[in-house]
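Peer 1: Those sequence lines, one after another, are chains A and B.
Quick note on numbering: our numbering labels position 82 of the first sequence as 82, and the sequence is numbered without any gaps.
Quick note on numbering: our numbering labels position 189 of the second sequence as 189, and the sequence is numbered without any gaps.
What the hints contain is simulated information worked out from the structure, not anything from laboratory work.
None of the values given here were measured: they were computed from a predicted structure.
Incorrect hints may have been included.
To be verified - Taking beta-carbon pairs under 10 Å as the criterion, some of the chain A residues facing chain B (in silico):
#	residue
1	Tyr-10
2	Arg-20
3	Gly-60
4	Glu-193
5	Phe-255
6	Val-258
In this text, a Cβ means the ideal position worked out from N, Cα and C, and glycines have one as well.
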Amino acid sequence: MNKIFPYLKYKDLFLQLTLREIKSKYKQSILGYAWVVLVPLLNLLVLNIVFSFVFRVKTGNIPYAIYLFVGLVPWTFTANAISAATSSLIANSTLITKVNFLREIIPFSAIAAKLVDFLLISIILVIFLVIYHIPPHLSLLFIPLIFIVQLGLVTGISLILSSINVFFRDVENILNVFLTVWMYLTPVLYPPEFIPSNVRFLFGLNPMTGIINSYRNVILYGVLPPWNSFAFSIVITLTTVLFGLWLFKRNEKSFADVI
Amino acid sequence: MMDDNFAIIFERVSKKFRRGQKLLLKEALIDIFMPQKTEPFWALKDISFKIKKGETVGIIGNNGSGKSTILKLIAGVMYPTKGKVVVNGRINPLIELGAGFHPELTGRENIYLNGTILGLTIPQIDERFDEIVSFAELGDFIDSPLKHYSSGMYMRLGFSVAIFTEPKILLVDEILAVGDREFQKKCFKKMDEFKKNNITIVIVTHEMESVRKFCDRVILLSDGIIKDDGRPDKLLSEYLKLIK
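Same shape as in the complex, but just chain B (with noise of 0.2 Å):
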């Protein structure tokens, strides 16, 4: 079993995958009289670490290192190709904000859609509506179908959601792009806020300064490979290094 202080295990991962998968049935058929080499592509390579509950680690790299793949095979929507991830706990994905919200909803009807994506039960979004409308600022906004808001507001209720899912693993993707400067503040609050409850946060961005300021820790990616391991401050050269 598992040890219990740690949120997330990857014990050896490497992910395949096939580049110039075949979508159509022709381009299957003709493969079968013509084969093309489809070369698998390794986007993580034998990796291994551990994260311990509570802590808040940045994952960088360029495009393309196997950043969001290791989120996904967090979040559990991928499958390892070879090796084992362990994952302890809730996990809510702020990947993409507001998965599945339609834009000929409401705002309202958005929020109990997405809600129950992320996991939560009706009563549970009954319990905590006000709360979610409130941060958001959406205002009289709330009853009015989705394609008539703002991409601030839209990004403003997705967070909303999200962070009233209670995670005990929160994973966060480029997450400075939401809203405006006001907003990015109160974001920054409640993510402290969730750093003192002791919620284990992974963040895959490019931003080293954010992650300077919010990371206990950073993983180096490069091509599937963890370059490096350590505190922010001491890899923040290692990364100018490798971007130039």
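Same shape as in the complex, but just chain A (with noise of 0.2 Å):
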């Protein structure tokens, strides 16, 4: 068994590292866990004053706030798992000098900590659309579907940045200033109609796009995922993936000779 599926073998540390992600990042603090739904609800409330009073950012018969906050909840977990399963080894460097395990788990459970965020935070995003009147549509079911393709770039993206990053530290440093300007090249903050249709072909290769449309699509309008965009996202996860898999198997030997 644990030949045809190592990581089988890995489940146990790949819980508790996760729990100590988990753990550990806001013993310290007064409201603990509440952090996690508190940053992205002032991110929700300032970005709602900005865009839908100043900037007048106009989406049909969808209140602005809804429309934001179901395109800011996956962005936000795009962004927070990418930026803490880069860092991953480097903070576990001590482990990866000194213990033999399975290496992707340490990205793994960095994506993982930040997936408990995103359900917990998808909890107050199901409250929001009650009190918006949103109706639960049929299309919901597509869900768990652009969440596979979500969660399979994410964990792409993970394993190339990461296993870079033990090499080139500067990749962490720019992976901020990457993050946002990839966040608006995405239609997170505006509907996709905003981007002129001469260049919106050139916004199409963004895998995100067509994730994020997709939410909103079978969400707030009760309709399918727009098929052409969301097949490119499949295509480019799947190439993500195994892309990332090949270059961390290749890198993840001289680790310990590096890190």
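Both chains are sitting in their own frames, so use the hints and assemble them into the complex.
Peer 2: Here's what the structure looks like:
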């Protein structure tokens, strides 16, 4: 069994490392784990004020606040998980130089810890959907599929960046800038119609575009994901995961030499 | 296939490091335009040896002689540049006691964390939990965060988790730094037990005294080469010459 699926052997380690991430982060603060929910809510409040009152972004029948929230929640997971996973190997350098275990477990558990945050804030999102009278559509059944594609994309990018970061610590520093730029290039704060039609195909090359638009379609409008851009996201995700695994496996043999 | 009588086999193993590895993009970029010599540094040069199952071997040598590199190759965290390393049996590295310990978490939480890092499953830890705690002599501190522990308590906890993983091969790095005298005695008693149970032990140290008392065999390293290999009493004088 372990030969076929080596990850099974490491499920307890994966669980413990994930728990360590979650427990340690908020033990010192008074509000503790509530921050996981408070930070995105405060973010939402600020962005909502700026974009709906100052820039007056129009989102049709759907109020801007809920339109924004549906895009912001998955985006936050993508950004936080990639950021945490990228620095995870360096943060666990003592483990890497002393103990032999499946190295992917380290970035995977960093992602898993952010996944718990994502689930918690999703509960708040559901409450908001009820408050804003968004009815539960049948198309919600697509959420698991969209989520798996998103998780795959996050995992692939994390494998690539975390293994490069061991050799070039610059990655960690430039990443935050990159994530900010990436958010503005993804229709998170604005609807996709805002993108001028002559450059829209360029925005379509961004795999997060298809994912965010799909979430909005199935949650807010009760329609199917936009298949063109979503299919493109699936292709990019598969490529990224395969390339990420290959690169990680190739690099991991020299982790202990340089870390 | 490997001979089943051996726990560890090194076959013409060499390990190269690059001095001045580029860890920043800036340096790597400068390097493209103004290439500097990154002289390769051979930590181990064409080393071969075999360790039998149940043998207790001390590896001694000066700083930079390649001792720790050998341990890391056995532990499987590093890979040889040339040659082959074969290891037979579950390894437990006592290289760093308390690998992955987190200061904000309690002793209890850290036992589970450290135990799984060393390859135990949660049910296995449940089973051994009481033994681990009593061996570490932590008492009521078990539910306090690790940051409130003294360094002795910290080491004791790390050692306890490590020995209760029931390894087939035990790798020990400077073991004698653990805790106070009383606890050291206890550690040695436990190591004697391991020895009797036919567990392979590899110890890396500067301290010849403990090697002479404890090991069946000593490998003397200098500058990445095996200078001598044999019974400890015979090697002692050789070693004293070397460190002068």
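Peer 1: Determine for every hint whether it applies to the structure shown.
Peer 2: Structure-based check of all given hints:
1. Tyr-10: With Cβ-Cβ at 8 Å, under 10 Å, it holds.
2. Arg-20: At about 5 Å, which falls below the 10 Å cut-off, the nearest Cβ of chain B leaves the hint on A/Arg-20 intact, so it holds.
3. Gly-60: 45 Å, violated
4. Glu-193: At 38 Å from the nearest chain B Cβ, A/Glu-193 fails the 10 Å test, so the hint is violated.
5. Phe-255: The hint holds - A/Phe-255 has a Cβ within 10 Å of chain B, the shortest such distance being about 8 Å.
6. Val-258: 5 Å, holds
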